[in-house]
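Going down the list, the protein sequences come from chains E and X. Oh and the first sequence: position 6 is 6 in my numbering, straight run, nothing missing. Oh and the second sequence: position 135 is 135 in my numbering, straight run, nothing missing.
It should be emphasised that the hints constitute simulated quantities derived from the structure, not laboratory data. Hints may be right or wrong, so weigh each one.
Simulated pairs of lysine-lysine, DSS-like, Cα-Cα distance not exceeding 27 Å [claimed, not checked]: (1) X:Lys-78 - X:Lys-115; (2) X:Lys-85 - X:Lys-109; (3) X:Lys-92 - X:Lys-109; (4) X:Lys-115 - E:Lys-13; (5) X:Lys-115 - E:Lys-66; (6) X:Lys-77 - X:Lys-17; (7) X:Lys-87 - X:Lys-17; (8) X:Lys-115 - E:Lys-21; (9) E:Lys-13 - X:Lys-109; (10) X:Lys-87 - X:Lys-77; (11) X:Lys-115 - E:Lys-73; (12) E:Lys-21 - X:Lys-99; (13) X:Lys-40 - X:Lys-77; (14) X:Lys-78 - X:Lys-92; (15) X:Lys-17 - X:Lys-85; (16) X:Lys-109 - E:Lys-21; (17) X:Lys-85 - X:Lys-40; (18) X:Lys-77 - E:Lys-73; (19) X:Lys-92 - X:Lys-77.
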Amino acid sequence: MEPLLLLTGDEQKMFSALSAKIRDGWTVQNVTVTQEEDEDLAVRLRMADFDTIPLRSFAQQLQTAKTSQDYMKAAAVFDFRTLDPEQMAELFFVLGVKTLTGFIGYLLLSAQTDEDIQGVSSLSQIRQMLSDTNTHS
Amino acid sequence: MTTQKSSAERVKSYDTKLLDAWVFRDRESLENRFGMEMDKILALYNSDTGRQKLLEHMRKIDPSLNGNADRAAGIVKKNMEQLEKKKGFFEKVMALPAKGVELVGKAGKVLWNHKILTLIALAIASWQLPNLIRYFASIEGAEAGNAMAKAGEYVESFLPFSAGKTGAVPDLGIGSIPGSP
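Between the sequences and the hints, there should be enough to build the whole structure, so can you do that?
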C-alpha cells in the first residue's frame with residue numbers, strides 16, 4: 001500500500017507530534033474535506049442495507065449494556081475483517097466524512113504502532129473518496 | 001431577524017415517519033413507488049409547475065400526506081441526491097479492485113484493533129447511536145480519566161446527530177434497527 005497520508009492542517013499537527021520512529025517513511029499530503037450535512041447522513045442511514053451484517057444481536061446487547069465492559073463485550077463479537085469490500089463501502093458511506101474525521105483524529109492522538117498509521121492512511125484515502133463524492137457527484 | 005438552523009436542528013425537523021416512508025434504498029424502489037423514472041421525478045421537482053404535479057402525485061400515492069407533501073418531496077430530492085453520491089462513491093472504491101480491497105481491508109483491521117471505533121461504527125450502523133452518546137455523557141463525568149470516556153469525548157464531537165456537550169440527543173427515530181422487535 002502506498003505510504004500516503006491525506007491529512008488536514010490540524011491532523012498534520014497531530015501527526016508531527018508523534019515520535020520520529022512512527023512518522024518515518026510516510027508522505028503527508030495536505031487536503032481539505034467536504035463534510036456531509038446531518039440530514040444527508042439521516043437519509044444515508046435509511047438507504048443502507050446491512051441485512052447481511054449480523055448487527056441485530058449487537059443492537060440488542062447495546063440496549064442492555066450498562067458498563068464499559070458490557071459495551072466492549074458487544075463490540076468484541078463483531079469483526080469488520082469478515083465483511084466484503086462492498087459491505088465496508090456501504091458502512092463508510094453511512095459513517096461519512098464527519099465520523100471518519102473523528103476516527104482519524106483519535107488514531108493520530110493515540111497511535112503507537114506503524115499499523116495504526118497504516119489505518120490512518122486507509123481511512124484518510126477512503127475519506128477523500130467520500131469527500132470528492134460529496135463535492136462533485 | 002432570521003436565525004440559521006443548525007444541521008442537527010434541520011434533521012430534527014424532518015419527521016421520522018416521513019423519512020421512513022420516503023427514503024428508498026435504491027433507484028429501482030424509488031421509481032417503482034413513483035411509477036416513473038428518477039430523472040423525470042427530478043425534472044418535475046425542479047420546475048414550479050412540475051413540482052405541483054409531483055406533490056399531487058405524491059398525495060395520490062399516500063393520501064395521509066395531507067399538508068406534508070412538500071416536506072416529503074424535499075426528502076425524496078435529498079434521497080435522489082444521495083443515491084447518486086452513493087453510486088459515485090462505490091464506483092470510486094470498486095474502480096481500483098486491488099487497491100480498493102486493500103484499503104477497506106486495512107480500514108477494517110484498524111477498526112477491529114480499536115474497539116472504541118468498532119463500537120461507534122456499529123452503533124451508527126445498527127441505529128444505536130443515541131444510546132451510545134447517552135452512555136458517553138454519563139461516563140465522562142463519573143469516570144474522568146477512563147480511557148473509553150476520553151476517547152468518547154473526542155470522537156463524540158464528530159459524530160453525526162450528536163448534540164455535543166448539551167446532553168440532548170436529537171430524536172431521529174433511530175433508536176431501533178428496522179425490523180427488530
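Hints versus structure:
1. Note on X:Lys-78 and X:Lys-115: the hinted pairing is violated, with a Cα-Cα distance of about 33 Å set against a maximum of 27 Å.
2. For the hint linking X:Lys-85 to X:Lys-109, the alpha-carbon distance of about 26 Å falls within 27 Å, and the restraint holds.
3. The hinted pair formed by X:Lys-92 and X:Lys-109 meets the criterion: a straight-line CA distance of about 21 Å does not exceed 27 Å.
4. Proximity of X:Lys-115 to E:Lys-13 is assessed by CA-CA distance (about 25 Å); at most 27 Å being required, the pair is judged to hold.
5. With a C-alpha separation of about 17 Å, the suggested pairing of X:Lys-115 with E:Lys-66 holds against the 27 Å cut-off.
6. Distance restraint check for X:Lys-77 and X:Lys-17: the Cα-Cα separation of roughly 16 Å lies within the 27 Å cut-off, and the hinted pair is therefore satisfied.
7. Distance hint between X:Lys-87 and X:Lys-17 is fulfilled; the C-alpha atoms sit about 25 Å from each other, no more than 27 Å.
8. In summary, the hint linking X:Lys-115 to E:Lys-21 is supported, as the alpha carbons are separated by about 25 Å, within the 27 Å threshold.
9. A hinted pair counts as satisfied when its Cα atoms are at most 27 Å apart, and E:Lys-13 with X:Lys-109 qualifies at roughly 25 Å.
10. Among the hinted pairs, X:Lys-87 with X:Lys-77 is consistent with the structure: their alpha-carbon atoms are about 16 Å apart, no more than 27 Å.
11. At roughly 9 Å between alpha-carbon atoms, X:Lys-115 and E:Lys-73 fall within 27 Å of each other, so this suggested pair holds.
12. This hinted pair checks out: E:Lys-21 and X:Lys-99 have alpha carbons roughly 26 Å apart, not beyond 27 Å.
13. Our distance criterion of 27 Å between C-alpha atoms is met by X:Lys-40 and X:Lys-77, whose separation comes to about 12 Å.
14. This hinted pair checks out: X:Lys-78 and X:Lys-92 have alpha carbons roughly 21 Å apart, not beyond 27 Å.
15. Using a Cα cut-off of 27 Å, the hinted pair X:Lys-17 and X:Lys-85 holds, with the two alpha carbons roughly 24 Å apart.
16. Pair hint X:Lys-109 plus E:Lys-21 holds up; C-alpha atoms about 22 Å apart against a cutoff of 27 Å.
17. Between the alpha carbons of X:Lys-85 and X:Lys-40 the distance comes to roughly 18 Å, so the proposed pair stays at or under 27 Å and holds.
18. About 40 Å separates the Cα atoms of X:Lys-77 and E:Lys-73, which puts this hinted pair outside 27 Å; it is violated.
19. Between X:Lys-92 and X:Lys-77, the direct Cα distance comes to roughly 23 Å. Compliance with the 27 Å bound is thereby established for this hinted pair.
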